[in-house]
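Chemist: Sequence:
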Amino acid sequence: MKSIWNSWLKQAVFLYSALYTFATISNSVLYLLNGYYEDPNGNWHELDRAIIVFIITLAYILVKTLKLRNYWLKSLVVYVPTLLLVLVYIWVTGIREPLAANAYRDIFINYTIGYTAASVVGWFKTFIKRKNIENN
Numbered sequence: 001m002k003s004i005w006n007s008w009l010k011q012a013v014f015l016y017s018a019l020y021t022f023a024t025i026s027n028s029v030l031y032l033l034n035g036y037y038e039d040p041n042g043n044w045h046e047l048d049r050a051i052i053v054f055i056i057t058l059a060y061i062l063v064k065t066l067k068l069r070n071y072w073l074k075s076l077v078v079y080v081p082t083l084l085l086v087l088v089y090i091w092v093t094g095i096r097e098p099l100a101a102n103a104y105r106d107i108f109i110n111y112t113i114g115y116t117a118a119s120v121v122g123w124f125k126t127f128i129k130r131k132n133i134e135n136n
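Counting from 1, one number per residue, gives the positions in the sequence shown under my numbering.
If you are wondering where the hints come from, they were derived from the structure by calculation, not from laboratory data.
Small disclaimer: the values here were computed from a predicted structure and weren't measured.
Taking CB as the label site, the calculated pair distances span:
1. S3 - N34: 39 to 49 Å
2. K129 - A101: 41 to 51 Å
3. Y104 - N132: 33 to 43 Å
4. F14 - F124: 12 to 22 Å
5. S3 - A101: 39 to 49 Å
6. W123 - S7: 13 to 23 Å
7. F22 - A103: 19 to 29 Å
8. F127 - I55: 20 to 30 Å
9. N132 - N43: 41 to 51 Å
The calculated lysine-lysine pairs, modelled on DSSO-like cross-linking and capped at a C-alpha distance of 27 Å, are:
10. K64 - K129
11. K131 - K10
12. K74 - K10
13. K131 - K67
14. K125 - K10
All C-beta atoms in this analysis are idealised placements derived from N, C-alpha and C, irrespective of residue type, glycine included.
Using the sequences and the hints, build the whole thing.
Modeler: And the structure:
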């Protein structure tokens, strides 16, 4: 168990916590700036955010562990099914309560921006690591 914790679980838990905190604080600030002093969607909104952040963390772990040589191909191979998973989750939440008119567009844009940013950072880390290995 300790080897699993050190190999990927510790990083996944940290990433999940950091992303969830960032998303929650950003959402709260945007609501306050728009004059809303309570989250109109309540606790379900928090649970939905937690599940979507979990899917993003899963995508990160998949990109890290998938054995494909081309980084961008690997990112695309992980992006498509995880985006579909997020869209299915949003569809399922529509059974619980009516979705906003642009819910799918919003989640597509938010997920794509976050995933692209994480992919670029991951590529940059891989690029730097590869340069350091070549220089030694």
